[in-house]
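Chains as they are written, first to last, in my numbering: chain A, 1 to 289; chain B, 1 to 322; chain C, 1 to 240.
No lab work stands behind these hints: they were computed from the structure. There could be a bad hint or two in this list.
[Unchecked claim] Just so you have them, the derived chain B footprint on chain A, three or more residues with Cβ under 8 Å:
(1) 91-98
(2) 218-232
(3) 259-271
(4) 274-285
[Unchecked claim] Subject to a maximum C-alpha distance of 27 Å in a straight line, what follows is the list of computed DSS-like cross-link-like pairs (lysine-lysine):
(5) Lys156(C) to Lys59(C)
(6) Lys88(C) to Lys156(C)
(7) Lys121(A) to Lys291(B)
(8) Lys136(A) to Lys265(A)
(9) Lys123(C) to Lys88(C)
(10) Lys316(B) to Lys129(C)
(11) Lys156(C) to Lys123(C)
(12) Lys115(C) to Lys129(C)
(13) Lys156(C) to Lys115(C)
(14) Lys188(A) to Lys168(A)
(15) Lys121(A) to Lys141(A)
(16) Lys88(C) to Lys125(C)
(17) Lys129(C) to Lys2(B)
(18) Lys2(B) to Lys115(C)
(19) Lys88(C) to Lys316(B)
[What the hints assert, rightly or not] Chain B is nowhere near these chain A residues, computed Cβ spacing over 12 Å in every case:
(20) Trp132
(21) Ala133
(22) Phe160
(23) Leu185
(24) Met255
All values reported here derive from a predicted model rather than from experimental measurement. Glycine residues also receive a C-beta, built at the ideal position from the N, C-alpha and C atoms.
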Amino acid sequence: MPFDLVANVAVAGVLTGLVYGLMALGLSVIFGVVRVVNFAHGEMMTAAMYAAVVLFTAFGLDPFLAVLPVAAVFFALGYALQAAVINPFITRPEHSQFMLLVAISIILVNGLLMGFGPDAKNVQLDYQLESWALGKLLFDKARVYAALLALAVSAALFAFFRFTLTGKAIRACADNHLGALVVGLRVKHLYSLTFGIGAACVAVAGCMLILLVDVTPVLGPSYTLLAFVIVIVGGLGSMGGALLGGVLIGLSEAMAGLFIAPSAKSMFSFALLILVLLFRPQGLLGRRT
Amino acid sequence: MKREAVGLLVLLLLLVFFPLFASSYALSVVTLILFFAYAGQAWNVMMGFAGQLSLGHSLYVGVGAYVAAILFQTYGVGPWAGVWISMAACAALGAAIGFLAFRFGISGVYFALLTIAFAEFTRIGFDHLTITGGPGGFFLKVSQRESWDLLNLRGPPIMFYYVILALTAGAFALCALLLRSRAGYYWRAIREDEAAAQALGINTFRWKMLAVILSAAMTAVAGVFNAFYYNNLFPEQVFHISRSIEIILGPVIGGVGTLFGPVLGAGVLTTLSDGITELLAYYNLEIPGVKQVFYGVVLLLVVMFLPHGIWPALAKRIGIFR
Amino acid sequence: MSFLEINQISKSFRGLKAVSATSFEVERGGLVALIGPNGAGKTTCFNMIAGVFAPDSGKIVFEGREIQGRRPDEICAAGIGRTFQIVKPFAGLSVLDNVMVGALLRESHAGEARKRSLRILEKLKLDSKADLPASSLTLPDRKRLEVARALATRPKLLLLDEVMAGLRPTECDQMVEVFRELNREGLTILLIEHVMRAVMALAQRVIVLHHGEIIARGTPAEVVRDPAVLECYLGEETEV
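Can you make the complete structure from the sequences, with help from the hints?
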């Protein structure tokens, strides 16, 4: 196997992994704060990918520009979903919450199927075919742009949680629900905000991913699982972990696809999930609760 | 109690005589209902009884199906012998998953994710195995016959109807018996409060393992039925996560942990969804995905407004406390 | 052979010493109270005896056998029952079924278990509520259910963790009577208690824990006058 092939596949894997990381970041934020298992996460991203396709086919809007309206819409929808449907479920047993999100994921996937049909859809832009050469290495322009945006959004999110008052309030809710209530934080509103933020992350990731892969409605569940693998491998509650996990998974998927078989990529991810759950459940960068 | 027993008997008699006046279409629908009632009941043992949420039950259906199918088609081993090997294989799988989960303290959401991971891993794995026919599928030779070959499970649809009816009735009886036994009390205690159960002398690890193994073995039988009824197996379909979700829809909607829940849920869901398909066909519409959206909406409504499922609410109305 | 012997047990949680080289004994048929201010280490001792976690060092010997580090279910099978400070009923089960879970440890047949469970419920005046869901019980009844459940496992030693908390004086007196009767019938009881009314009425001996160490032992009357005990509850006397 020629080295440059391996290297190029690795580079592509890492770049794609950053986009995965952003998607997983959304999940980590939601799971880490609201403690709800967003089983519809991948489906939400699939919906975002379709949104980008629609905006592209209807208005010729570049996904990088579509990011803004799509993220805004998803933020609003995520907020509404949490406020109207999920918030009352916070006190219910875990499997009830899980079932709720499973129901939403089923409706989403099949709604998309009803609306768009089963055929693959994509966007087509010139820079998807261009790349930069650095010696023997090839960097696909689209991949690099997508990875850069993913990094930028992640950094912005990190800053939000670290330095703004609202961000700190949200972290407080995650740390101590009762304590947050006692000091007067509007926890329900903050939860809805968090879900909205998570949804917006997913929206951005979706707009980026459509540049790299085609979309079909049935991709939803695989991305949900992928997001969970990344979050658990990287470590729950760790934003850096989500990105690191994303890169690792992107890289390992690419390598597995190259050395074993393309269809075996996810097998590796699942094996990794099982191993991490068993031996290091707090993930690579997570804290042991 | 008396009222329940009488109601059950009436239902059983109805089901026994149903094929005599049912169309072949109706027969296939009820066969499907019974299949999901059975699979749901098997899943219920793990979740409803021992409180472990498994979202990867398609693993056992698939492994059970493939093992029996390969034994029959390639080695000439009949299903009545093959089913025991299927059950053993799935019991071993369930034991492995249960052991890993319980020894390492994985529960709740993480356990669910673990079960999904195993099912998905197997799905992709089977896609690459040649002995199972890979993604192209594994096929049993179909023989169109009117007479019943019960020994080899070859026969008309009505034969399969009675087989699944017997299985479902048997599963129901088994679960009823278990619920009344020490196992049933212990499982429910573990489900309610594991620490309190331990303080009462219950070895929760052993009993949770038992529930998982039993559930897996029971589900294997559903897989064997699946193999011989449909005569074809594709990893994409059999191990798919949507299969796992279909299995749990019945019990969740009907009522997790109850005896009647899985049966009721499967019945309600299948009849309503078939109604929708019929309605659409009447208007000459055929939209892929409608049925599943319907499933999703029903699941959503039930989870939101009837969190314990339809059966407990219904039972209260009819005046039965369970 | 001693009945229950706690021998120099210690337990730390992340650097905080909860229990420090503590030793005491409970004789067969005894009724011993473990008291002390909050955070003294009483429930930690209970949890070590009941097998929730193992002591960092030291031994716990019950009827001649070392039980420290064993699982909670093994300890229950050996004859030590316990109640929880915050009651843990099996909410979705009926009152009778709750007790049957305990009874089934010693009875393999549900029929026999049911009979014995009903007798225990009678003793604790819960028999009229046998078929009600446990979630519908008031707090005092839940406490009685907790005791009934533990009794169903046929314990030789019963660990009661603040079972009087939240009960009115009359309810407290009723519980005291129940325990007195059980003790007369041969049940050894070790209880953690804050309600002094119960301690004075029930205990033959009292052990006082403070900051993980025993600062006094004796009869209730002796302990109540012990200056070290008074100091840890009320503080030092200062000259004004």
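Structure-based check of all given hints:
Judged by the Cβ-Cβ criterion of 8 Å, the region 91-98 of chain A is covered by chain B as claimed, because 5 of its residues qualify and three suffice. With a cut-off of 8 Å between beta carbons, the region 218-232 of chain A has 5 residues touching chain B; three or more are needed, and the interface restraint holds. As drawn, the region 259-271 of chain A meets chain B at 7 residues by the rule of a beta-carbon pair under 8 Å; at three or more, the given contact holds. With a cut-off of 8 Å between beta carbons, the region 274-285 of chain A has 5 residues touching chain B; three or more are needed, and the interface restraint holds.
Restraint check for Lys156(C) and Lys59(C): the C-alpha separation of about 19 Å stays at or below 27 Å, so the hint holds. For the given pair, Lys88(C) sits about 21 Å from Lys156(C) by alpha-carbon distance, which is consistent with the 27 Å threshold. The hinted pair formed by Lys121(A) and Lys291(B) meets the criterion: a straight-line CA distance of about 23 Å does not exceed 27 Å. Taking the CA atoms of Lys136(A) and Lys265(A), the gap is near 25 Å; set against the 27 Å cutoff, the hint holds.
The straight-line distance between the Cα atoms of Lys123(C) and Lys88(C) is roughly 20 Å, inside the 27 Å bound, and the hint therefore holds. Distance check on the hinted pair: Lys316(B) and Lys129(C) sit about 19 Å apart at the alpha-carbon level, within 27 Å; holds. Of the pairs offered as hints, the one joining Lys156(C) and Lys123(C) holds, with about 17 Å between alpha carbons and a cut-off of 27 Å not exceeded. Distance check on the hinted pair: Lys115(C) and Lys129(C) sit about 15 Å apart at the alpha-carbon level, within 27 Å; holds.
Only pairs whose Cα atoms come within 27 Å are accepted, and Lys156(C) paired with Lys115(C) is accepted, the gap being roughly 20 Å. Taking the CA atoms of Lys188(A) and Lys168(A), the gap is near 15 Å; set against the 27 Å cutoff, the hint holds. Only pairs whose Cα atoms come within 27 Å are accepted, and Lys121(A) paired with Lys141(A) is accepted, the gap being roughly 21 Å. Taken as a hint, the Lys88(C) and Lys125(C) pair is honoured in the structure, with Cα atoms around 19 Å apart against an allowance of 27 Å.
For the proposed pair Lys129(C) and Lys2(B), the alpha carbon gap of about 22 Å is at most 27 Å, so the pair holds. For the hint pairing Lys2(B) with Lys115(C), the CA-to-CA distance comes to about 22 Å; that is within 27 Å, so the pair holds. Our distance criterion of 27 Å between C-alpha atoms is met by Lys88(C) and Lys316(B), whose separation comes to about 26 Å. At roughly 34 Å, the least C-beta separation between Trp132(A) and chain B is larger than 12 Å, which holds for a residue marked as non-interface.
No Cβ of chain B approaches the Cβ of Ala133(A) within 12 Å, the least distance being about 35 Å, so the stated non-interface status holds. Non-interface status of Phe160(A) relative to chain B is upheld: no Cβ of that chain comes within 12 Å, the nearest being about 26 Å off. Interface exclusion of Leu185(A) from chain B stands, the closest Cβ pair being 25 Å apart, more than 12 Å. Distance check for Met255(A) against chain B: the nearest CB is about 16 Å away, which clears 12 Å, and the non-interface claim stands.
Going through the hint list in order, the structure satisfies each hint without exception.
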